[in-house]
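Q: Spelled out, the chains give:
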Amino acid sequence: MKIVLVVEDDTDIREMIAWKLTQAGYGTLCEGDGAAGLAAASGASDTAFGVRPDLVLLDWAMPKMSGIDVCRALRADPATADIPVILLTAKAQESQVERGFAAGANDYIIKPFSPREMLRRVDALLGRVEARA
Amino acid sequence: MMAVVVATGVCSFLCGLAAWAGVARRRRSRLRLVQREAAVRSALHRALDDPGHSTQIVDDLVAADRKLLEAKARALLPALRGEDRETLAQLLESRGATEAARRQCRSRHAAARAAACQVLGDVGSSFAVLDLVPLLDDHRPVVRLAAARALGRLGQPTGVVPLIGAVHTDEGERFNRVPVDVAADAIQQIRDWPVSLLTPCLSDPSEPTRALAVELLGRFQALDGVNAVIDLLESDPATAVRVRAARALGRIGSPHAVQPLIRCVRSGPVALRAEAMSALGRMGAVAAVPVLRVTLLDHSQRLDEVAAHALAAIGPQGVAVLEDIATDRSHPAGAACRRAMAARHALAAGLQPEPSPLAR
Numbered sequence: 001m002k003i004v005l006v007v008e009d010d011t012d013i014r015e016m017i018a019w020k021l022t023q024a025g026y027g028t029l030c031e032g033d034g035a036a037g038l039a040a041a042s043g044a045s046d047t048a049f050g051v052r053p054d055l056v057l058l059d060w061a062m063p064k065m066s067g068i069d070v071c072r073a074l075r076a077d078p079a080t081a082d083i084p085v086i087l088l089t090a091k092a093q094e095s096q097v098e099r100g101f102a103a104g105a106n107d108y109i110i111k112p113f114s115p116r117e118m119l120r121r122v123d124a125l126l127g128r129v130e131a132r133a
Numbered sequence: 001m002m003a004v005v006v007a008t009g010v011c012s013f014l015c016g017l018a019a020w021a022g023v024a025r026r027r028r029s030r031l032r033l034v035q036r037e038a039a040v041r042s043a044l045h046r047a048l049d050d051p052g053h054s055t056q057i058v059d060d061l062v063a064a065d066r067k068l069l070e071a072k073a074r075a076l077l078p079a080l081r082g083e084d085r086e087t088l089a090q091l092l093e094s095r096g097a098t099e100a101a102r103r104q105c106r107s108r109h110a111a112a113r114a115a116a117c118q119v120l121g122d123v124g125s126s127f128a129v130l131d132l133v134p135l136l137d138d139h140r141p142v143v144r145l146a147a148a149r150a151l152g153r154l155g156q157p158t159g160v161v162p163l164i165g166a167v168h169t170d171e172g173e174r175f176n177r178v179p180v181d182v183a184a185d186a187i188q189q190i191r192d193w194p195v196s197l198l199t200p201c202l203s204d205p206s207e208p209t210r211a212l213a214v215e216l217l218g219r220f221q222a223l224d225g226v227n228a229v230i231d232l233l234e235s236d237p238a239t240a241v242r243v244r245a246a247r248a249l250g251r252i253g254s255p256h257a258v259q260p261l262i263r264c265v266r267s268g269p270v271a272l273r274a275e276a277m278s279a280l281g282r283m284g285a286v287a288a289v290p291v292l293r294v295t296l297l298d299h300s301q302r303l304d305e306v307a308a309h310a311l312a313a314i315g316p317q318g319v320a321v322l323e324d325i326a327t328d329r330s331h332p333a334g335a336a337c338r339r340a341m342a343a344r345h346a347l348a349a350g351l352q353p354e355p356s357p358l359a360r
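Protein chains in written order, with this note's numbering: chain R, 1 to 133; chain C, 1 to 360.
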């Protein structure tokens, strides 16, 4: 089973995404801030139990550490550099999208978002990663 | 003496016990709330997955949990689009949220009217336009803004004309009812309406109406409207409209706009010169490099920062000019050049650039 780490500070959105992913057959890990998300991505948090996620769904604006900083830190660490990252954010300006990709995101979903489309993007990204491997 | 000691001990013990009981009670109630929220969230997810039985799922909850579910659904709604949003909206509609909001539109309290706008914008059907449009004339700004934003979220094409009308000012009026940027943000969210609606607005006697039209043409990158926007850039009596026209041309990115923008950089109000430079940078207009270099070296109007950022945005030809000046440490524009190059590198690396005059 593929594991998706959901890092989002809004509990209702986070739980809804986790529910949708679970319904689609994915395992989920959930964190509510950037620092905890980074720890979970490297399998070092209490909730991760040493499990390394196959994909990270990352909000941009979060307490403690922004999604962009988390993304950059993931790319800088050889242990997590290859984990695909999808940024999920309300920041829709062209320059912001560019910044997201420059920080190392593989895909970008703008809020308001369609959960169904989000699932398709997760499927597609994981499919591409699997095909490459 | 002994009795006093015993009494003090007993009192301390009772106080400690009461404090402990209070802490335990608060912890229990927090835990109960977390459990309730989890149960309500689960019901909401089931309702989303099974729209046919969503009413039944909600009805199975106790009254207090139903209220909590409605609050959660309302909070979730602005983050969603697509089928799930439709399901949530229908669920709230079936719980009477729209009817309650329509009644609330007539409340004496401005906060209640603004809250009603929010609900109608998130949940309402196309008929909600009829409830929201009159509130664009509300005597309280907070309600007018809420109504404009709600019309945008509602996304009904019938909301476009009232929103354009809401920025209109008659002669002698000092303020428009809804700010241009709020109306532009709202209209930008509405799809499937003809951009040709904006054409008559470009020659409207009201300055905010012209500003809104030109702003929207830029946001929609309407290539068809480029000549009309160039006309406004060159001849509109209001500087604010000309500034927006320059920004719009930068967004549209037509090569026809390069020379008119260069003319604005050479002569014009400072705000217009700055915006024209930003637009040329955004367009990557290599033809503007000489005039930007002249402006960069002219320290009189403090436009060197904007000129430097525009040159950096243009690309290698602009960067060559910046490098040339930045190497001279004593040059007055050297610092601006170095900052612009640093911002360009930061942007390329995905780092937060320094606040740039180009940033909007």
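Don't take every hint at face value.
[Said to hold, decoys possible] Here are a few chain R residues that sit away from chain C, every Cβ distance over 12 Å (derived from the structure):
hint : residue
1    : K2
2    : E8
3    : E15
4    : E98
5    : R99
6    : A102
7    : A131
[What the hints assert, rightly or not] Calculated lysine-lysine pairs in the DSS-like style (CA-CA distance at most 30 Å, straight line):
hint : chain 1 : residue 1 : chain 2 : residue 2
8    : R       : K111      : C       : K72
9    : R       : K91       : R       : K64
10   : R       : K111      : R       : K91
11   : R       : K91       : C       : K72
12   : C       : K72       : R       : K64
13   : R       : K2        : C       : K67
What the hints contain is simulated information worked out from the structure, not anything from laboratory work. All C-beta atoms, glycine included, are put in the ideal place defined by N, C-alpha and C.
Q: Could you run down the list of hints and mark each one as holding or not?
A: Hint check:
1. K2: Check passes; 20 Å lies beyond 12 Å.
2. E8: violated, 10 Å
3. E15: violated, 5 Å
4. E98: violated, 8 Å
5. R99: The claim breaks: R99/R does not keep its Cβ more than 12 Å from every Cβ of chain C (closest is about 6 Å).
6. A102: Non-interface label fails for A102/R: nearest chain C Cβ at 3 Å, not farther than 12 Å.
7. A131: holds, 26 Å
8. K111/R / K72/C: holds, 17 Å
9. K91/R / K64/R: Given pair K91/R, K64/R holds - Cα atoms ~19 Å apart, limit 30 Å.
10. K111/R / K91/R: holds, 8 Å
11. K91/R / K72/C: holds, 23 Å
12. K72/C / K64/R: The hint holds at about 25 Å.
13. K2/R / K67/C: Measuring from Cα to Cα gives roughly 36 Å; hence the hint is violated.
Going through the hint list in order, the structure does not satisfy hints 2, 3, 4, 5, 6, 13.
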